[in-house]
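S.K.: Read off the chains here:
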Amino acid sequence: MTTENTSLSQHEATSLDQPQEAQVVTVTPPVDIYENQDEILVVADFPGVPKRALSVRLDRSELVIEGMQAVPEGPTPTRALAFSRVFRVPKTVDPDGVSAELAHGVLRVHLAKSEAAKPKRIEVRSS
Amino acid sequence: MNDFIERMRNAFRRTADRVTGRHVPVVTSAAPVEELENRRLRTAPVDIYENEREVMIVADTPGAFPDNTKLHWDDRAGLSIYVQRGGEPGGTRLWGEALGEDWYRSFSLPDYVDAYEARAVVRGGVLTIQVPKQAQPAPVSIPVTAS
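Each protein sequence line maps, in turn, to chains C and G.
Residue numbers for the first sequence follow our numbering, beginning at 1 and rising by one.
Residue numbers for the second sequence follow our numbering, beginning at 128 and rising by one.
Check each hint, because a few of them may be wrong.
So the derived label-pair ranges between C-beta atoms look like this [stated by the list, open to error]:
id	chain 1	residue 1	chain 2	residue 2	range
1	G	Gly218	C	Lys120	14 to 24 Å
2	G	Thr155	C	Pro119	28 to 38 Å
3	G	Pro172	C	Pro119	38 to 48 Å
4	C	Arg60	G	Thr170	30 to 40 Å
5	C	Asp59	G	Leu163	53 to 63 Å
6	G	Pro172	C	Ser55	19 to 29 Å
7	C	Ser84	G	Pro264	51 to 61 Å
8	G	Asp202	C	Ser114	18 to 28 Å
9	G	Glu215	C	Asp96	33 to 43 Å
10	C	Lys118	G	Val154	21 to 31 Å
11	G	Asp241	C	Arg60	56 to 66 Å
12	C	Asp59	G	Lys260	23 to 33 Å
Derived SDA-like pairs: lysine to any residue, alpha-carbon spacing no greater than 25 Å straight-line [stated by the list, open to error]:
id	chain 1	residue 1	chain 2	residue 2
13	C	Lys51	G	Pro193
14	C	Lys118	G	Thr219
15	C	Lys51	G	Val173
Rather than coming from a laboratory, the hints here were simulated on the basis of the structure.
Note that the structure is a prediction, hence the values are computed from the model and not measured.
Think of the CB as a built atom: it goes at the ideal place given N, C-alpha and C, for glycine as much as any other residue.
Okay, chain G solo, but in the shape it has when bound (with noise of 0.2 Å):
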């Protein structure tokens, strides 16, 4: 009954989250590293959480919307995050701390998850990945017997 209301809840999040614009696919495929080629690529900084139920990646992206963000899955290449941002304003560069424009980061997964599973929503810059762990097998009793 739990893992009905749970799927029914994860659902409607992900319904809510289309509506709202802010879904962003994961697509299981290895990125296409050729896209990368030529770009200046700014490594997102990341925060990784974990509970029992999910592994979650809040990686800071500004300037990321849901039409400009890719995030790959596969299961040699790990997950990888690509905003491709738009170019600069034009005009004279006066100053730059923000060196590079656009945003990549790439990770390793454990097994105990379930990255088909994983969604993202994409918020005022600020990219939320979860990622459901995989159902454990319920623990086994083994008797013991007297020889």
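One chain only, chain C, in its complex shape (with noise of 0.2 Å):
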């Protein structure tokens, strides 16, 4: 922590693509997952995480979501958080029907489901 004639705040995360002579720790970051008939839904918290430091992708049947930041701790070499959360996906997830949105540190995953694993409805008719 540098301190002299400098604002803490001023102390920002940067992300990192090959961090150098870094302690790197890495972060589980909790996550939810919510089902509706639609599609699921996967919630995880990534605080003070930009964009550009995650990365999300359909790997076959798994759902992959990692990345890695640096944290600037003054004069002390720079510590790197990594993370990680691999997540089997079900058949009935359309893999063209997957999207991600991150904000104000939250991440949300939507996973649509195929056509023909939603429930349908099916009209009675009178004979």
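Join these two chains into a complex; the hints should help.
M.R.: Now the structure itself:
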């Protein structure tokens, strides 16, 4: 922590592609998962993590959320935080219907269900 | 002169924070405890830093933004953070690790800070509260006389 004539708030985190000589700490972000008839929603906490530091991908039947972020700590060596969560995705998810958004430090990954997997209303006709 | 520059710098920062919509006002009264009843509270993890000018509290409060974040300061009750997040999304909860919905944390502050001048900014779900230290009186030299 640099203190001389420096506001403490100026120590902001930045992302690193290749952290050099950094102590990497693996962090498991807490996750909630919800399901309704249209989609499966994965909600994960990533406070202070910019969008560019996160990677979300659907790899075959696995949803992979990972990223890396450097945390400057003044004169001490940079500490990097590595995030990684992997979830097995059911076959009912449409691979083309996956989207993700990051807002206010919360990542939401929407996994839309395929049309075949959605419940269908069956009309009852009178004879 | 340095004090004038510092005041101008702080005024500029506050204006910039308001323009970007990230500034969170600190209400100088005790937190209304009744608001916390029947809420599922999560304890926000915090880091606290200090240098010669200020004490800074950095809290991880994902889901926080200026409109749902309340900061209260009271001489007796201390400083409290309360982030009232929206309810859970619709549907069935299949898996839950982030137990609780709202963020809450309270602190007592040392006597040498001026909490009435505290300012707070929330960005990317991280709440940063800066509390300046009070000006300390200059050291006084006491002459020693021989009897």
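S.K.: Please work out if C/Lys51 and G/Pro193 have their alpha carbons no farther apart than 25 Å.
M.R.: OK: C/Lys51 and G/Pro193 at ~20 Å, within 25 Å.
S.K.: Is it true that the C-beta distance of G/Asp241 to C/Arg60 lies inside 56 to 66 Å, as the hint says?
M.R.: holds (57 Å)
S.K.: Cβ-Cβ distance between G/Glu215 and C/Asp96: within 33 to 43 Å?
M.R.: violated (27 Å)
S.K.: If I claimed the Cβ atoms of G/Pro172 and C/Pro119 lie 38 to 48 Å apart, would that claim hold in this structure?
M.R.: For C/Pro119 against G/Pro172, whose Cβ atoms are near 40 Å apart, the range 38 to 48 Å holds.
S.K.: Taking 53 to 63 Å as the stated bounds, is the beta-carbon spacing between C/Asp59 and G/Leu163 within them?
M.R.: For G/Leu163 against C/Asp59, whose Cβ atoms are near 42 Å apart, the range 53 to 63 Å is violated.
S.K.: Taking the CB of G/Gly218 and the CB of C/Lys120, does the distance hold inside 14 to 24 Å?
M.R.: Because 18 Å falls inside the window, the suggested range holds.
S.K.: Please verify whether C/Lys51 and G/Val173 have alpha carbons no more than 25 Å apart.
M.R.: holds (22 Å)
S.K.: Could you say whether the range 21 to 31 Å given as a hint is met by the Cβ separation of C/Lys118 and G/Val154?
M.R.: Since the Cβ atoms of C/Lys118 and G/Val154 sit about 47 Å apart, the hinted range of 21 to 31 Å is violated.
S.K.: Is 18 to 28 Å a correct range for the gap between the Cβ atoms of G/Asp202 and C/Ser114?
M.R.: Check failed, 59 Å falls outside 18 to 28 Å.
S.K.: Okay, C/Arg60 versus G/Thr170 on CB: inside 30 to 40 Å?
M.R.: Holds, since C/Arg60 and G/Thr170 (Cβ atoms, about 38 Å apart) stay within the stated range.
S.K.: For the range 23 to 33 Å, tell me whether the beta carbons of C/Asp59 and G/Lys260 fit it or not.
M.R.: The hinted range 23 to 33 Å is violated for C/Asp59 and G/Lys260, with Cβ atoms some 51 Å apart.
S.K.: Note whether the CB distance of C/Ser84 and G/Pro264 lies within 51 to 61 Å or breaks it.
M.R.: Given a distance of about 53 Å, which is inside 51 to 61 Å, the answer is holds.
Of the numbered hints listed earlier, those contradicted by the structure are 2, 5, 8, 9, 10 and 12.
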